[in-house]
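Colleague: The residues making up each chain are set out below.
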Amino acid sequence: AQSVTQLDSQVPVFEEAPVELRCNYSSSVSVYLFWYVQYPNQGLQLLLKYLSGSTLVKGINGFEAEFNKSQTSFHLRKPSVHISDTAEYFCAVSAVMDSNYQLIWGAGTKLIIKP
Amino acid sequence: DAGVTQSPTHLIKTRGQHVTLRCSPISGHKSVSWYQQVLGQGPQFIFQYYEKEERGRGNFPDRFSARQFPNYSSELNVNALLLGDSALYLCASSSMGAFEQYFGPGTRLTVT
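Protein sequence lines, in the order shown, are assigned to chains S and B. If you read the first sequence in this note's numbering, its first letter stands for residue 136, the second for the next number, and so on. If you read the second sequence in this note's numbering, its first letter stands for residue 5, the second for the next number, and so on.
One or more of the hints may lead you astray.
Unchecked claim - These stretches of chain B come out as covered by chain S in the derived footprint (C-beta under 8 angstroms, 3 or more residues):
#1 19-29
#2 103-116
Claimed, not checked - Taking lysine to any residue pairs in the SDA-like style, the calculated list, with each CA pair at most 20 angstroms apart, reads:
#3 Lys-193/S / Glu-104/B
#4 Lys-245/S / Lys-56/B
#5 Lys-193/S / Tyr-106/B
#6 Lys-184/S / Phe-73/B
#7 Lys-56/B / Gln-237/S
#8 Lys-245/S / Val-42/B
#9 Lys-245/S / Gln-45/B
#10 Lys-245/S / Leu-92/B
Because the hints were derived from the structure by calculation, they are not lab data. No residue lacks a Cβ here, since even glycine has one placed at the ideal position from N, Cα and C.
Just need the whole structure built from these sequences, with the hints factored in.
Modeller: And the structure:
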């Protein structure tokens, strides 16, 4: 079975500062990794995904994430945040062997942008 | 193209009642998944359907059931509602074999 841990429930950061949202996973099999964003009162939107290949993945809205297999991490980063990035961010995994691509989710990290 | 749509947007029910939530996938998508998101937590997988067949089930009681119709839309049914069923219910659609799931805005269910 897989599990996902998002180490910070909230991350406050000043506008235009860099940010890193941390995600660690546990799995006995190979996994696919995802970051989703949820704006207030909305559904979930895919930010980026790691399936294979380069461990540095670039997504929408200037976000990127790095897959580190030895540390079982998939941290999300952005070099300069904007007020519009205020949202909750979820890390999710899916077992490569799972043909249903069932997503296992972390508890989420709220990104709070301070003006 | 329209995205994933869900109805109703909000719903208030009393304990013991039954509820039906509806989802229409993106045109061309044949797979629909349902998730429950309790306030302050990440989503929890409930069901996945593909071509009207159940392909996956999460750890939810038998009070939860679902089905998929020939037009690939889907219903999630919950019987004998409990206070703990209060949550945002999310529907996601995808092309089978694709890794990206596209989510609807959700249905907010409140059980009193």
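Colleague: Are the hints correct? Go through all of them and say.
Modeller: Comparing the hints with the structure gives:
1. 19-29: violated (count 0)
2. 103-116: holds (count 8)
3. Lys-193/S / Glu-104/B: Satisfied, since the Cα-Cα distance of roughly 15 angstroms is no more than 20 angstroms.
4. Lys-245/S / Lys-56/B: Distance ~36 angstroms between Lys-245/S and Lys-56/B Cα, so the pair is violated.
5. Lys-193/S / Tyr-106/B: Judged against 20 angstroms, a Cα distance of about 19 angstroms means the pair holds.
6. Lys-184/S / Phe-73/B: 30 angstroms, violated
7. Lys-56/B / Gln-237/S: With Cα atoms ~17 angstroms apart, Lys-56/B and Gln-237/S stay inside 20 angstroms; holds.
8. Lys-245/S / Val-42/B: 15 angstroms, holds
9. Lys-245/S / Gln-45/B: 11 angstroms, holds
10. Lys-245/S / Leu-92/B: At roughly 17 angstroms apart (the allowed maximum being 20 angstroms), Leu-92/B and Lys-245/S satisfy the hint.
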